[in-house]
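Visitor: Which chain is which? The protein sequence lines are A and B, in order. Numbering-wise (this note's numbering), the first sequence opens with residue 6 and increments by one. Numbering-wise (this note's numbering), the second sequence opens with residue 8 and increments by one.
If you are wondering where the hints come from, they were derived from the structure by calculation, not from laboratory data.
Simulated restraints on C-beta separations: (1) P44(A) <-> L32(B): 53 to 61 Å; (2) L151(B) <-> R323(A): 39 to 47 Å; (3) L151(B) <-> A152(A): 39 to 47 Å; (4) P44(A) <-> R154(B): 25 to 33 Å; (5) P44(A) <-> F162(B): 36 to 44 Å; (6) A89(A) <-> L248(B): 44 to 52 Å.
Far from chain B, some chain A residues (derived; all Cβ distances over 12 Å): (7) L40; (8) E325; (9) A342.
Glycine is no exception: its CB is placed at the ideal position from the N, C-alpha and C atoms.
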Amino acid sequence: MGEAHRLPDLSGPILRVSGLKRFFDVSRPLLNRLLEGQPRQLLKAVNGVDFEIGEGETFALVGESGCGKSTVANLAAGLYAPSAGKIEFEGVDIATLSRRQMSPYRRHLAMIFQDPYASLNPRWRVQRIVGEPIRAFGLLSDRRAIARRTAELLQQVGLSPADGEKYPHEFSGGQRQRISIARALASQPRFIICDEPTSALDVSVQAQILNLMKGLQRRLGLSYLFISHDLAVVRHMADHIGVMYLGRLCEKGPADAIFSHPRHPYTRMLLDTIPDIEMTGRRRIPVSGEIPNPIDPPMGCAFHPRCPLANQRCRRERPELAPLSGGALAACHASLAGASWQPDAPPE
Amino acid sequence: MPRPDTETAAPAAPARHTTNFLHRLADSDIFYSFRHSPVTVAAAIVTLLIIFGAVAAPWIAPQNPFDMASLDLLDAHTPPSWEADGNPKYLLGTDDQGRDLLSAILYGSRISLMVGFFSVLFSMAVGVSLGVVSGYVGGFVDALIMRIAEIQISFPAILIALLIDGVLRTLIPEAKSEQLADTVLIFSIGISGWVQYARTVRSSTLVERGREYVQAARVIGIHPLMIMVRHILPNVMGPVLVIGTIHLAVAIITEATLSFLGVGIPPTQPSLGTLIRIGNDYLFSGEWWITIFPSIALASLVLAVNLLGDWMRDALNPKLR
Chain A
6 MGEAHRLPDL SGPILRVSGL KRFFDVSRPL LNRLLEGQPR QLLKAVNGVD
56 FEIGEGETFA LVGESGCGKS TVANLAAGLY APSAGKIEFE GVDIATLSRR
106 QMSPYRRHLA MIFQDPYASL NPRWRVQRIV GEPIRAFGLL SDRRAIARRT
156 AELLQQVGLS PADGEKYPHE FSGGQRQRIS IARALASQPR FIICDEPTSA
206 LDVSVQAQIL NLMKGLQRRL GLSYLFISHD LAVVRHMADH IGVMYLGRLC
256 EKGPADAIFS HPRHPYTRML LDTIPDIEMT GRRRIPVSGE IPNPIDPPMG
306 CAFHPRCPLA NQRCRRERPE LAPLSGGALA ACHASLAGAS WQPDAPPE
Chain B
8 MPRPDTETAA PAAPARHTTN FLHRLADSDI FYSFRHSPVT VAAAIVTLLI
58 IFGAVAAPWI APQNPFDMAS LDLLDAHTPP SWEADGNPKY LLGTDDQGRD
108 LLSAILYGSR ISLMVGFFSV LFSMAVGVSL GVVSGYVGGF VDALIMRIAE
158 IQISFPAILI ALLIDGVLRT LIPEAKSEQL ADTVLIFSIG ISGWVQYART
208 VRSSTLVERG REYVQAARVI GIHPLMIMVR HILPNVMGPV LVIGTIHLAV
258 AIITEATLSF LGVGIPPTQP SLGTLIRIGN DYLFSGEWWI TIFPSIALAS
308 LVLAVNLLGD WMRDALNPKL R
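Using the sequences provided together with the hints, build the complete structure.
Guide: Encoded structure:
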């Protein structure tokens with residue numbers, strides 16, 4: 006079904022994001038600006054991000070809250086229009102398409118949200134929620150066929166078909182997230198954007214949901230854009246990782262390389278926050294300082310006020326992503342110059 | 008396949024939606040708070056009695072006050088039946104045209120209720136749609152609608168209704184004005200009251216719009232109009248029902264006020280307000296009943312509806328207080 010919609014270009018990445026920017030105008034109202042002589046203020050939520058996601062892969066975006074990772078997710082889902090840059094889905098730049106033109110591509114992408122209590126319409130029965138994409142894309146028209154398909158989808162995520170008759174409030178957080186996943190699968194997408202899908206759940210339930218998502222990926226050949234701040238979760242899920250800081254990627258590469266040999270000081274700082282039995286007794290660098298105001302980011306490297314390796318160059322000149330040994334790319338002057346990390350002797 | 012997470016799944020859930028609606032209603036918190044508030048029960052009884060009287064007027068009223076042929080001018084100004092000059096035929100006495108007051112009140116509350124009900128519906132339709140659009144679309148449209156709302160709310164509602172009523176009356180040809188009197192009234196009272204709905208609905212829409220289920224619908228590419236109607240509307244209607252009930256009392260009073268001022272329902276098919284105005288001319292000549300009985304009916308109706316509205320506000324949404 007729907008094979009005709011698919012584009013010939015299936016060899017390339019399913020999603021390629023290049024030079025992606027999204028600015029929000031957070032200026033005060035016009036009258037205030039004129040009276041108080043304030044300039045326009047732009048919040049550069051995403052300020053030049055590039056990455057690719059291959060068929061069947063999971064790309065994880067990690068970073069502290071406010072770094073712009075959710076904005077990237079919303080941009081990829083077509084919820085916002087980018088201020089600059091391209092979002093190529095199956096080889097077509099979806100950022101330039103109108104709502105109607107985008108409709109054949111929407112079928113192939115879906116989204117899972119963070120808050121399982123807000124992501125399901127409380128007044129709708131589960132079968133209507135799960136069936137919504139089927140009806141919206143006109144995949145099935147017969148009511149009985151839709152009912153059969155929603156029952157099948159519910160079973161696929163580990164719920165019973167009878168649950169379709171219930172309302173969302175009759176389910177637990179983990180079960181609601183399963184319903185959310187069933188809805189995402191309804192249009193048979195190839196690519197699913199997961200915006201912190203487990204951060205609102207208990208740890209035990211988190212593992213169940215993550216395993217469900219991995220199983221579905223294997224069975225259906227799905228690609229995931231996985232947004233998370235939880236590195237333990239990311240380690241479990243991701244093939245490739247992008248570390249975001251203040252709207253830019255500061256390190257990007259295969260998950261193994263980043264977890265075993267993190268190059269950017271920020272990545273190391275984040276990795277040090279993962280509890281690990283083997284690390285007991287070792288000195289850690291705690292995540293120090295706070296994320297600066299993104300309206301007025303620091304000059305040069307945005308991370309320099311918090312960076313233990315920062316030198317004069319970092320304060321003046323913004324580093325670009327550059328390839329390093331191990332297959333990863335990092336945007337750091339100090340790492341490029343070969344400065345090493347010495348947790349036991351903090352640099353002056 | 009076994010159900011893996013069972014942490015907080017409600018075990019009683021499957022049984023709940025199979026039991027019938029009445030049982031659920033009897034079990035609900037709302038019904039509990041209703042039963043335990045004697046004032047509310049009394050108000051509900053009074054409201055239901057008046058509504059019943061209004062609806063059943065053609066069958067229970069002793070006389071049809073709109074039928075000029077059945078009126079007898081010789082019976083005009085008859086006091087209530089328990090007074091010395093009373094006539095047992097006219098329980099509450101008659102007015103200046105010999106209309107039986109009890110019948111006139113029954114028929115009058117019919118008009119009052121109808122005008123009130125339809126102007127509330129009209130207000131609700133206008134206010135809710137503008138509020139949802141304003142909150143969902145945002146930007147310039149939102150600013151425009153909300154500025155108009157603020158300008159309108161800075162004038163008393165009765166003044167707006169009076170103004171629109173006056174303008175419409177001059178636009179309508181003389182011959183049709185009597186026929187269209189209730190439509191004109193419904194329109195002007197309705198227009199004067201939409202702001203409250205729009206503001207409330209706009210703020211709830213702002214909350215709902217930010218919720219992820221709306222984003223989920225947008226990711227699928229559902230048309231914005233459909234999102235507003237199918238997703239947002241059902242989730243913002245709770246407070247609207249409460250405002251609607253309280254507004255019903257206000258609308259009835261506004262209708263009565265306009266009719267009292269002589270710009271509402273014409274005396275040929277009097278509403279409660281018109282009856283009070285007619286009676287008012289005779290108050291000082293000792294014929295108190297013509298104005299007092301319709302006034303009592305109006306006051307009890309408005310008070311009862313108001314009390315119901317207050318109770319509903321507290322029971323359904325304590326945050327609105």
